[in-house]
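J.: Single-letter residue listing:
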Amino acid sequence: MNILTGNDLKSGAVVWWDGTGWSLYVDDAVDVGDRAEEILAREQSARRVNAAYAISANRDDNGVRPAHIKERVRALGPTVRPDLTLKPKDPAAMNWVI
Amino acid sequence: MYQYDSYDQAMVDTRVEEFRDQTRRRLEGKLSEDQFKPLRLMNGLYLQLHAYMLRVAIPYGTLDSRQMHALADIADKYDRGYGHFTTRQNIQYNWIKLEDAPDILADLAKVEMHAIQTSGNCIRNISSDHFAGAAADEVADPRPYAELLRQWSSFHPEFSYLPRKFKIAVIASDSDRAAMKLHDIGIQIVRNDAGELGAAFFVGGGMGRTPMIAPCIRDFVPLDQLVTYAEACLRVYNRHGRRDNKYKARIKILVHEMGAEEYARQVEEEFAHLLEQGIEPPLAELERIRPYFADPEFETGLPSELDRSDPEFALWADSNTHPHKTPGYVSAIISLKPVGGIPGDASARQMHLMAELAKQYSFDELRVMHTQNIVLPHVRIADLHALWSQLEAAGLGAPNLDTIEDIIACPGLDYCSLANARSIPIAQRISERFAAKGRTRELGELKLKISGCINACGHHHAGHIGILGVDKKGVENYQLLLGGSEAQDTSLAKITGPGFDEAGIVDAVETATEVYLSNRTEGERFLDTYRRIGMEPFKEALYG
Amino acid sequence: MADTPGTVLGTSPDEVQFRFRDDDVVDHGTVTVDSFVDQSNATAVRIEPGDDARELLPHLDRIALVEVNFPVFGDGRGYSAARILREAGYEGELRAVGEVLIDQLAYMRRCGFDAFAPDTPLDMADAEAAFARWGNVYQHAADGAEPIWQLRHG
Numbered sequence: 001m002n003i004l005t006g007n008d009l010k011s012g013a014v015v016w017w018d019g020t021g022w023s024l025y026v027d028d029a030v031d032v033g034d035r036a037e038e039i040l041a042r043e044q045s046a047r048r049v050n051a052a053y054a055i056s057a058n059r060d061d062n063g064v065r066p067a068h069i070k071e072r073v074r075a076l077g078p079t080v081r082p083d084l085t086l087k088p089k090d091p092a093a094m095n096w097v098i
Numbered sequence: 001m002y003q004y005d006s007y008d009q010a011m012v013d014t015r016v017e018e019f020r021d022q023t024r025r026r027l028e029g030k031l032s033e034d035q036f037k038p039l040r041l042m043n044g045l046y047l048q049l050h051a052y053m054l055r056v057a058i059p060y061g062t063l064d065s066r067q068m069h070a071l072a073d074i075a076d077k078y079d080r081g082y083g084h085f086t087t088r089q090n091i092q093y094n095w096i097k098l099e100d101a102p103d104i105l106a107d108l109a110k111v112e113m114h115a116i117q118t119s120g121n122c123i124r125n126i127s128s129d130h131f132a133g134a135a136a137d138e139v140a141d142p143r144p145y146a147e148l149l150r151q152w153s154s155f156h157p158e159f160s161y162l163p164r165k166f167k168i169a170v171i172a173s174d175s176d177r178a179a180m181k182l183h184d185i186g187i188q189i190v191r192n193d194a195g196e197l198g199a200a201f202f203v204g205g206g207m208g209r210t211p212m213i214a215p216c217i218r219d220f221v222p223l224d225q226l227v228t229y230a231e232a233c234l235r236v237y238n239r240h241g242r243r244d245n246k247y248k249a250r251i252k253i254l255v256h257e258m259g260a261e262e263y264a265r266q267v268e269e270e271f272a273h274l275l276e277q278g279i280e281p282p283l284a285e286l287e288r289i290r291p292y293f294a295d296p297e298f299e300t301g302l303p304s305e306l307d308r309s310d311p312e313f314a315l316w317a318d319s320n321t322h323p324h325k326t327p328g329y330v331s332a333i334i335s336l337k338p339v340g341g342i343p344g345d346a347s348a349r350q351m352h353l354m355a356e357l358a359k360q361y362s363f364d365e366l367r368v369m370h371t372q373n374i375v376l377p378h379v380r381i382a383d384l385h386a387l388w389s390q391l392e393a394a395g396l397g398a399p400n401l402d403t404i405e406d407i408i409a410c411p412g413l414d415y416c417s418l419a420n421a422r423s424i425p426i427a428q429r430i431s432e433r434f435a436a437k438g439r440t441r442e443l444g445e446l447k448l449k450i451s452g453c454i455n456a457c458g459h460h461h462a463g464h465i466g467i468l469g470v471d472k473k474g475v476e477n478y479q480l481l482l483g484g485s486e487a488q489d490t491s492l493a494k495i496t497g498p499g500f501d502e503a504g505i506v507d508a509v510e511t512a513t514e515v516y517l518s519n520r521t522e523g524e525r526f527l528d529t530y531r532r533i534g535m536e537p538f539k540e541a542l543y544g
Numbered sequence: 001m002a003d004t005p006g007t008v009l010g011t012s013p014d015e016v017q018f019r020f021r022d023d024d025v026v027d028h029g030t031v032t033v034d035s036f037v038d039q040s041n042a043t044a045v046r047i048e049p050g051d052d053a054r055e056l057l058p059h060l061d062r063i064a065l066v067e068v069n070f071p072v073f074g075d076g077r078g079y080s081a082a083r084i085l086r087e088a089g090y091e092g093e094l095r096a097v098g099e100v101l102i103d104q105l106a107y108m109r110r111c112g113f114d115a116f117a118p119d120t121p122l123d124m125a126d127a128e129a130a131f132a133r134w135g136n137v138y139q140h141a142a143d144g145a146e147p148i149w150q151l152r153h154g
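Residue numbers (the numbering used here), protein chains in the order written: chain A, 1 to 98; chain B, 1 to 544; chain C, 1 to 154.
To be clear, the hints were calculated from the coordinates, so they are not data collected in a lab.
Among the clues, some could well be false.
[Claimed, not checked] Below 20 Å or equal to it, Euclidean Cα-Cα: the simulated EDC-like pairs (lysine to aspartate or glutamate) are:
id	chain 1	residue 1	chain 2	residue 2
1	B	K30	C	D119
2	B	K325	B	D364
3	B	K37	C	E99
4	B	K473	B	D501
5	A	K10	B	D34
6	B	K37	C	D103
7	B	K494	B	E536
8	B	K30	C	E128
9	B	K359	B	E299
10	A	K10	B	D100
11	A	K10	B	D21
12	A	K70	B	D471
Predicted, not measured: the structure shown is a model, and the values here were computed from it.
Could you build all of it, start to finish, from the sequences and the hints given here?
T.: Laid out in structure tokens, this is it:
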């Protein structure tokens, strides 16, 4: 699947296109098919997202998994600071990132 | 320490208001991201992997307790309670909001700090010797010259849209503790045969994808022509540096392609012209700056003997202090490299403590080392035990300066949007491995440096052992390099061969140290042994 | 670069949004540096980023307008070109053209530009704020502003 990610303009937070808006959680990401360019142009010019781009990903039983490690790290947080990730209480959360 | 006068203060205050206005225009949509990006970068604001990152300048690595407290407060108020000290003596915060950035800059301005030109294609924060003013081997304190150049380079109207970033380091001793020859311009303050001070200019060094050691293009520039000569160096670069390819845009490529002699000739021509233009501040300006860096009131007749009755303390004191020019004092190094920790990170609480200790024991002064540690430059030997006890209690007492645990590592793929691989976990696994085996001390001085991509922020080219993270078909892979140095014997490390995975690179480092241990002769460091026996025995052990 | 026949290089006076001179605006008809040097009657010239401004120095007495083009705002060679001309005593109009944006105006002014013809007209209030923002400067440049070191030491 093709999904979109970027950063919130004001806060800088990593966000994912969920079909209607931008979510903090990669599992909310939806397949945009071949509509990436169109959505990116519209959303960036409206300043609803910054520095956004399309990546490939897979959905499995556990959720949406970006194909490349860089976006997997983006999806959760720094691997060296589990306490600062989106799932600080879940030590296993990091397992799929690396 | 330098103190702002009303002019300096007005300049940083104006900058804060300018950036507040730029941020407003960005949020209102009057500036596109392409237009805003160089502006935010020139105020230290990056967009990184997880958020905005703010890099705050610590000019020539010197700060006082008030400033360190302010840095800690920023970490608590606007970030997540910590900061990262960098290889160019700055500090970075990883979780900044764009809408907060102008307020952070305003908070910094209140303590005579800023983030001006800590990124962007302009002259960056000027770095220097972390032992400046304390070392016995310097001909002068290099910091007044760095401050003179700080003011010259700040908001420079001609040199703010250079082909690429531009880094300057200033030192004043034959010992190079600032990687001077690996800068775009390295300046060494020297004394000539007539006993006058002047500056030797080394131009065109750098790391990155094409590492180069800067050649000396002029061995003596009189102090009253320093700014003019620097201006000439920059103008030749601004006009002729390559702009067709960002990977060939640094001045090292210009100097290399043009030849150092031709570059020097063009600089001399421009210099002769600029000398007629009256752009040099009078020597009186240097004389005005100099007293700010005068020695504190050192006591005389202090004891120089160390009470070694506590072995753990003695170990730290032997490892983490540096001789001072004044009897009875040393410079004490606070290691930000606890075993298994993140190199260069400090919590707000630790920053507050380091500030308190500086006030209590070091004439209110701290330094940031390019090796991502902190120096208390002027500590009475008699106070060392008390100092150590407090550091130890706060997790800041690692006795590992210049050892294999004292690793330089860039933020890598855990934080950086340019990185190809993670650096920090490699540093953690290596320090854990050697600490667990009790090998650290036996190995002696061993400088290990890790970069998570070819941009080389972790100085891997200059490590006795260097590690470069690369992306091998979407998987992290690590190349091993040997034989680099960023000291006065500057050399560039060479790649051993095919790379390793995360576990493999830790084993490979251990293998390299075993080759060293079995080949070294009396008194040889790892680097010395490598230079004597060459790459082959290491290759044989690693790949044989 | 050769002039393209039938087109007029350069900006027209109508496109000049800001001008800090009292003399009459010079019309376009601007030629490239190469053709200027061969052409004895031209009085206006346009500098592109790769051009050497010093080629103009022998002819400064007959130049009334120099346009310096910034095709992209991040290419800073035009700042050096401007200062080189002012340092050589050029007193005619020095016009920044191309991708001239609010946040580069103050530095351009310091390098000696006294006219601005941005591709896209700038917000007047933002531009005026940018021109007025910096009351002091650290360096001697081409705008005659007294650097802070001069204010400190007289």
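J.: Each hint: holds or not?
T.: Hint-by-hint comparison with the structure:
For the hint pairing K30/B with D119/C, the CA-to-CA distance comes to about 15 Å; that is within 20 Å, so the pair holds. Distance restraint check for K325/B and D364/B: the Cα-Cα separation of roughly 18 Å lies within the 20 Å cut-off, and the hinted pair is therefore satisfied. The suggested pairing of K37/B with E99/C holds, with an alpha-carbon distance near 15 Å, which does not exceed 20 Å. With a C-alpha separation of about 12 Å, the suggested pair K473/B and D501/B falls inside the 20 Å cut-off, and the hint holds.
Of the supplied pair hints, the one linking K10/A and D34/B holds, its CA atoms being roughly 16 Å apart against a limit of 20 Å. Proposed proximity of K37/B and D103/C is supported: the alpha carbons are some 12 Å apart, at most 20 Å. Our distance criterion of 20 Å between C-alpha atoms is met by K494/B and E536/B, whose separation comes to about 12 Å. Restraint check for K30/B and E128/C: the C-alpha separation of about 15 Å stays at or below 20 Å, so the hint holds.
Annotation: proposed proximity of K359/B to E299/B holds, straight-line Cα distance about 16 Å (limit 20 Å). Of the supplied pair hints, the one linking K10/A and D100/B holds, its CA atoms being roughly 9 Å apart against a limit of 20 Å. Of the supplied pair hints, the one linking K10/A and D21/B holds, its CA atoms being roughly 15 Å apart against a limit of 20 Å. For the hint pairing K70/A with D471/B, the CA-to-CA distance comes to about 10 Å; that is within 20 Å, so the pair holds.
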